[in-house]
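Visitor: Sequence:
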Amino acid sequence: MPVTVNEPSGESHPLHHRKHHYTFRKSPYLVSLAFLLVATALTLLNIHVPQLIHVVGRSPGPTQFETRYGTCTRSLASSPNTTALLLPAHPLPHDVELPMPAIFDSLPSSSLVGGGGIEGPIGHPAEGDGHEWVCQDFPTRSECEQFGEKFCVLWSTAGYAAQSSLVPCLASLLSLLFIFLHRARRQQWKLVSVTMLIHCLLQVLSIGMILHVFRTDERFESKGSHLDKSFSFGVSSALVSLTHALFLTLTAYSARLGHSWAAGKSAKKSRRHRRTHSGRVVLIEDGVEVPVGERVTVGEARVVAGEAGERTGLLEGDSGEAAGGGRERATDSAV
Numbered sequence: 001m002p003v004t005v006n007e008p009s010g011e012s013h014p015l016h017h018r019k020h021h022y023t024f025r026k027s028p029y030l031v032s033l034a035f036l037l038v039a040t041a042l043t044l045l046n047i048h049v050p051q052l053i054h055v056v057g058r059s060p061g062p063t064q065f066e067t068r069y070g071t072c073t074r075s076l077a078s079s080p081n082t083t084a085l086l087l088p089a090h091p092l093p094h095d096v097e098l099p100m101p102a103i104f105d106s107l108p109s110s111s112l113v114g115g116g117g118i119e120g121p122i123g124h125p126a127e128g129d130g131h132e133w134v135c136q137d138f139p140t141r142s143e144c145e146q147f148g149e150k151f152c153v154l155w156s157t158a159g160y161a162a163q164s165s166l167v168p169c170l171a172s173l174l175s176l177l178f179i180f181l182h183r184a185r186r187q188q189w190k191l192v193s194v195t196m197l198i199h200c201l202l203q204v205l206s207i208g209m210i211l212h213v214f215r216t217d218e219r220f221e222s223k224g225s226h227l228d229k230s231f232s233f234g235v236s237s238a239l240v241s242l243t244h245a246l247f248l249t250l251t252a253y254s255a256r257l258g259h260s261w262a263a264g265k266s267a268k269k270s271r272r273h274r275r276t277h278s279g280r281v282v283l284i285e286d287g288v289e290v291p292v293g294e295r296v297t298v299g300e301a302r303v304v305a306g307e308a309g310e311r312t313g314l315l316e317g318d319s320g321e322a323a324g325g326g327r328e329r330a331t332d333s334a335v
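Be aware that the sequence shown starts at 1, since it is given in full-length UniProt numbering, and climbs by one per residue.
Bear in mind the hints are in silico, worked out from the structure with no lab data behind them.
All residues carry an ideal CB built from backbone N, CA and C; glycine is no exception.
Take these hints with a grain of salt, some might be off.
[Unchecked claim] Mimicking SDA-like on lysine to any residue, the simulated pairs with C-alpha atoms at most 25 angstroms apart in a straight line are:
1) K223 to E66
2) K223 to V56
3) K26 to G258
4) K190 to L177
5) K150 to Y160
[Claimed, not checked] Pair ranges (Cβ atoms, derived):
6) P80 to V153: 35 to 45 angstroms
7) H212 to T243: 16 to 26 angstroms
8) V194 to V38: 14 to 24 angstroms
9) R141 to R186: 30 to 40 angstroms
10) L166 to L283: 48 to 58 angstroms
11) H182 to T140: 48 to 58 angstroms
Between the sequences and the hints, there should be enough to build the whole structure, so can you do that?
Guide: As structure tokens, then:
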């Protein structure tokens with residue numbers, strides 16, 4: 001026979017307002033760790049690879065210059081211009097080829113790359129044949145005075161926001177380590193989701209400023225200017241962190257609703273417990289059918305069964321008092 005609980009109709013049991021307890025699978029946190037590592041790696045690439053914007057300086061001369069802009073550095077290189085210096089006024093027959101190598105062979109060595117006679121777009125020597133880059137700090141103080149403080153403020157703020165986004169990644173990593181070591185999976189997902197959302201917002205702020213500068217600054221108006229790899233790394237990092245936060249939040253609420261894919265075995269219905277009309281979880285005899293509306297999860301049954309502590313009276317009654325009607329606990333008299 002099932003255990004019956006007789007309670008006054010006008011009184012509410014202390015457990016009536018208890019929140020439904022749930023557990024959280026460990027596998028979503030392993031997926032979260034993978035998301036976190038990917039987002040952190042993309043952020044580091046976005047910061048340290050100087051390829052946010054790539055500018056190719058087209059010119060009719062024998063040499064063309066390339067410039068790559070990073071968050072705090074700029075790299076310069078020069079390479080031979082493969083475009084013919086003089087184009088024919090009328091199209092040539094298909095079987096006629098221009099002697100392109102001879103044009104450049106006839107030029108003096110001082111005019112070519114590495115000869116010492118070519119200077120970069122800002123007056124510094126550009127070395128290499130297109131594969132070697134000369135890097136320097138960016139933006140410089142002289143450029144801020146020449147092109148205006150607005151550009152420098154926006155660019156420096158974008159770099160600072162990208163670097164600051166590593167702090168939420170570190171906080172998320174520490175939270176995941178705490179979860180794995182202390183099995184605090186039921187509540188710590190909130191901290192991980194919030195920190196990854198902050199990381200996403202900082203990355204969006206950074207790439208938004210870079211995009212604004214790219215579209216408005218005069219030095220990027222040439223046809224050879226385009227957004228490069230590091231900008232894509234920043235966008236990908238923001239998308240990964242946003243997906244991470246949404247995934248963890250969705251999994252947590254699914255576990256709270258009792259979906260087994262998120263909560264695990266504890267989401268299954270207990271066969272030996274039921275919920276009374278007052279909201280209390282009670283034990284019933286094995287084999288007794290539990291109505292659908294009175295079924296509880298295995299996780300709730302475990303939590304309720306584990307609530308008794310060292311100050312709980314032996315044979316505790318329904319009203320929460322010690323057996324016999326007194327207020328004295330059995331453990332108190334043994335002190």
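Visitor: For every hint, state whether the structure bears it out.
Guide: Results of checking the hints against the structure:
no. : hint                             : verdict
1   : K223 to E66                      : holds (13 angstroms)
2   : K223 to V56                      : holds (8 angstroms)
3   : K26 to G258                      : holds (15 angstroms)
4   : K190 to L177                     : holds (14 angstroms)
5   : K150 to Y160                     : holds (15 angstroms)
6   : P80 to V153: 35 to 45 angstroms  : holds (38 angstroms)
7   : H212 to T243: 16 to 26 angstroms : holds (25 angstroms)
8   : V194 to V38: 14 to 24 angstroms  : holds (19 angstroms)
9   : R141 to R186: 30 to 40 angstroms : violated (53 angstroms)
10  : L166 to L283: 48 to 58 angstroms : holds (51 angstroms)
11  : H182 to T140: 48 to 58 angstroms : holds (49 angstroms)
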